[in-house]
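Take a look at the letters that make up each chain.
Number of protein chains: 2
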Amino acid sequence: MDTKLRGFVLSVYIVFGLPVITAHNDPSNKIMEDFSGYPIHEPQSQDSLLSLSVDSEGLQKQIDELSTLSETPAPSVTRILYSEKDVLARRFIKNLMGLSGLSVREDAVGNIFGRWDGDEPELAPVSTGSHIDAIPYSGKYDGVIGVLGAIEAINVLKRSGFKPKRSLEVIMFTSEEPTRFGISCLGSRLLAGSKELAELLKKTVDSQNISFFDAARFAGYANHLQDLTSVFLEKGSYSAFIELHIEQGPILEEEATSIGVVTAIAAPASIKVDFEGSGGHAGAVLMPMRNDAGLAAAELALAVEKFVLESGSIDTVGTVGILELHPGAINSIPSKSHLEIDTRDIDEKRRNVVIEKIHQSALSISENRGVKLSEFKIVNQDPPALSDDLITMAMESACQELNLTFRKMISRAYHDSLFMARISPMGMIFIPCYKGYSHKPEEFAAIEDIANGVRVLALTLAKLSLA
Amino acid sequence: MDTKLRGFVLSVYIVFGLPVITAHNDPSNKIMEDFSGYPIHEPQSQDSLLSLSVDSEGLQKQIDELSTLSETPAPSVTRILYSEKDVLARRFIKNLMGLSGLSVREDAVGNIFGRWDGDEPELAPVSTGSHIDAIPYSGKYDGVIGVLGAIEAINVLKRSGFKPKRSLEVIMFTSEEPTRFGISCLGSRLLAGSKELAELLKKTVDSQNISFFDAARFAGYANHLQDLTSVFLEKGSYSAFIELHIEQGPILEEEATSIGVVTAIAAPASIKVDFEGSGGHAGAVLMPMRNDAGLAAAELALAVEKFVLESGSIDTVGTVGILELHPGAINSIPSKSHLEIDTRDIDEKRRNVVIEKIHQSALSISENRGVKLSEFKIVNQDPPALSDDLITMAMESACQELNLTFRKMISRAYHDSLFMARISPMGMIFIPCYKGYSHKPEEFAAIEDIANGVRVLALTLAKLSLA
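Just so you know, the sequences run in chain order A and B.
The numbering of the first sequence is the UniProt record's numbering, which starts it at 1 and goes up by one.
The numbering of the second sequence is the UniProt record's numbering, which starts it at 1 and goes up by one.
Since the hints were derived computationally from the structure, they do not count as laboratory data.
Quick caveat, the model's predicted, so the values are computed rather than measured.
Any given hint could turn out to be false.
Unchecked claim - List of simulated lysine-lysine pairs, DSS-like, C-alpha gap at most 30 angstroms:
| hint | chain 1 | residue 1 | chain 2 | residue 2 |
| --- | --- | --- | --- | --- |
| 1 | A | Lys272 | B | Lys272 |
| 2 | B | Lys61 | A | Lys306 |
| 3 | B | Lys306 | A | Lys372 |
| 4 | A | Lys85 | A | Lys165 |
| 5 | B | Lys235 | A | Lys306 |
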């Protein structure tokens with residue numbers, strides 16, 4: 001640890017480890033901003049570190065305010081890509097970045113970058129961030145704390161008087177959730193240079209038949225007609241990427257551990273399946289004459305569960321989150337059904353065995369029930385991502401120095417980090433959340449736990465900035 | 001058979017049984033209407049019967065034109081209660097009634113009545129009719145031929161010079177299909193005096209949260225705020241009710257039989273089920289921690305099929321036409337599911353055994369999967385209806401006199417006749433349809449078969465009018 005960092009760490013140590021009661025700042029010296037909701041961002045001398053800490057109250061206010069930009073009533077949050085609420089939420093984030101003194105840029109799909117220039121701006125910056133879109137009827141912490149928390153981490157560093165060597169950059173990724181266009185991590189996949197996705201988006205429409213580009217233009221993006229290569233970032237654009245996130249699992253809470261240091265992100269895959277039968281009147285078509293596309297879907301949904309359990313590993317999961325029947329009338333035998341299946345594992349091979357079993361099962365259900373398997377499409381089948389050792393070591397050091405309990409763990413959920421890992425060394429910081437709940441209104445993380453995450457993030461960014 | 005009817009039947013016999021080539025009408029006597037698309041409706045003398053027949057071409061045109069009033073593209077038909085298309089379709093029917101010289105009235109929920117006054121208008125009229133609403137993505141014959149065919153039957157009788165003793169009335173029923181408000185045979189249930197339904201409608205809303213009364217007012221009905229007792233008809237209001245309908249089953253077509261004389265309508269029941277689980281993130285919540293409301297629904301859907309097959313009777317049917325998951329995102333474990341189940345039988349007790357098994361299964365699924373069975377509601381559990389012997393005898397005589405093959409059969413589908421049977425002697429006439437298809441775009445009935453049905457209907461109405 002070089003002298004500069006040691007001095008900084010010591011300061012943070014004192015700030016974070018102790019209640020902020022001692023102050024050699026004369027209270028009469030306070031300026032107006034000290035009393036406002038948002039903390040001040042004036043760079044301060046390295047001598048004034050004692051007066052600073054995570055502004056938990058302000059951060060909670062921001063989380064609460066952002067949650068009101070929702071298409072469904074509280075406590076649920078629904079924020080769909082490029083919707084009116086999404087546009088308002090993006091403005092909220094850009095405002096906060098501006099208030100923190102970051103220089104803001106947006107790319108053609110609305111990934112938002114807020115940069116704090118370091119003393120050596122020619123070096124690859126250290127970046128951190130997450131997303132703020134929210135699936136229908138979900139909660140207010142997933143993604144959000146990785147964006148608002150990142151901006152607050154910058155504030156913490158600024159208030160501490162820290163001077164970055166490498167620039168620090170906060171990223172808000174576009175559409176981590178697949179809600180609108182069926183594509184998860186849309187922004188980070190593009191950042192990581194997915195030509196396949198850049199092509200696919202040219203013909204992608206939502207369920208209302210609105211094209212991706214029309215939707216993007218509604219939100220003020222994609223003005224360069226259909227050319228998304230400008231979004232791609234070179235490998236090495238960042239020296240590190242770190243994402244702060246709620247665990248979305250119960251382990252940290254159950255163990256009363258403050259921080260999860262993520263070593264790998266489980267490999268996710270998603271599959272779309274369509275069955276087609278003859279349909280007909282629910283009263284008039286006798287049972288032996290039927291080929292019910294709805295029952296085919298029901299069978300496949302239960303088969304997914306069976307194959308996942310057969311893997312024998314606690315780490316294999318599979319979910320049918322979407323199951324739709326057509327025409328969807330009580331007195332009509334379903335003539336079509338549509339399923340979307342999500343399956344994940346930390347072991348890619350084991351996960352692929354499950355996918356193959358699902359495929360075989362879809363074929364045999366199709367044959368047994370006389371329905372047509374009109375689509376079986378593996379939409380994505382991403383490989384798992386491993387965290388960078390130097391980054392996890394920096395995070396572990398940060399936890400130790402901040403006197404916070406921590407453990408190594410696996411992320412079973414999908415994150416933008418999975419794709420950032422393709423162009424940058426990557427690491428993730430998890431914090432506990434209530435019962436592991438996520439993607440529902442009951443999702444909750446205590447502000448103390450969020451503040452701990454912000455402290456670890458700030459210290460890790462500082463370490464990596466000086467590296 | 002009295003002399004008057006014998007004379008009439010003989011005439012119809014000649015008209016329908018022989019090609020219309022002989023004519024003692026001098027062609028030079030023809031008026032403009034003879035050459036127009038719609039047939040003339042001037043009452044003619046009993047002597048001019050030879051020049052008349054079913055106007056198959058005109059009837060097919062009407063069926064085709066009505067099918068274009070649809071919310072989905074051809075060949076599918078979707079006509080939802082009180083929608084803009086429904087309002088246009090109602091106008092179309094009222095115009096045709098007017099052109100046929102019927103006096104038109106509508107009640108508070110939009111049941112439409114077209115009356116041809118008989119010589120003894122103080123007697124209870126003979127009525128006939130069906131519905132024109134269509135479930136999403138269905139076809140153009142279900143219900144429609146029982147309304148357009150009824151108006152054409154009146155035209156046939158008028159052209160034949162027939163003079164009714166009892167008045168004849170064509171009824172277009174409101175919302176036979178349960179699509180919008182989840183209530184099947186809404187209009188005929190109310191006509192039959194369902195106080196329960198009149199009360200229920202006060203608090204009924206559609207899936208968009210539009211109240212029944214707001215929807216009705218949009219279509220120009222329900223001006224008498226929430227008082228639907230005006231719709232009720234006294235028992236005995238009609239001396240007979242007859243409905244012409246496609247079979248919605250394959251028997252008549254397979255046997256090459258022209259007419260089905262319905263002796264009973266199978267007893268339908270419908271059930272709404274809701275499961276509630278914890279939901280959560282599809283990646284983060286491990287399998288043993290889950291209580292997936294979607295898988296509970298899938299299990300119950302397959303159980304319905306199992307119990308129906310266990311009945312051992314070909315006449316027992318059961319269908320899950322609606323299965324919805326909440327929140328309905330690929331990366332979210334379903335926290336809620338909703339099913340709507342339809343089960344029918346000609347044996348009410350046997351059907352009720354199936355319902356009880358479904359209930360027990362829902363309870364045990366709920367227990368095994370740790371999900372809450374938050375609703376298990378038997379929405380209706382109607383008793384079967386038997387046709388009136390005198391009416392079926394009149395229909396059989398009509399078939400014999402018209403030299404058409406016929407058979408007695410059971411209606412496995414739900415009809416307005418089921419409820420009309422509560423206030424009037426009832427009978428139904430079935431005609432063949434392609435492969436028994438119904439409730440889908442492929443639904444088809446040949447115009448020759450429809451014309452046969454209209455002939456039998458016309459002759460039966462004539463017989464009953466004179467009775």
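These are the hints, each one checked on the structure:
For the proposed pair lysine 272(A) and lysine 272(B), the alpha carbon gap of about 27 angstroms is at most 30 angstroms, so the pair holds. Of the pairs offered as hints, the one joining lysine 61(B) and lysine 306(A) is violated, with about 54 angstroms between alpha carbons and a cut-off of 30 angstroms exceeded. A threshold of 30 angstroms between alpha carbons decides the hint, and for lysine 306(B) with lysine 372(A) the separation of about 22 angstroms falls inside it, so the pair holds. About 37 angstroms separates the Cα atoms of lysine 85(A) and lysine 165(A), which puts this hinted pair outside 30 angstroms; it is violated.
With a C-alpha separation of about 56 angstroms, the suggested pair lysine 235(B) and lysine 306(A) falls outside the 30 angstroms cut-off, and the hint is violated.
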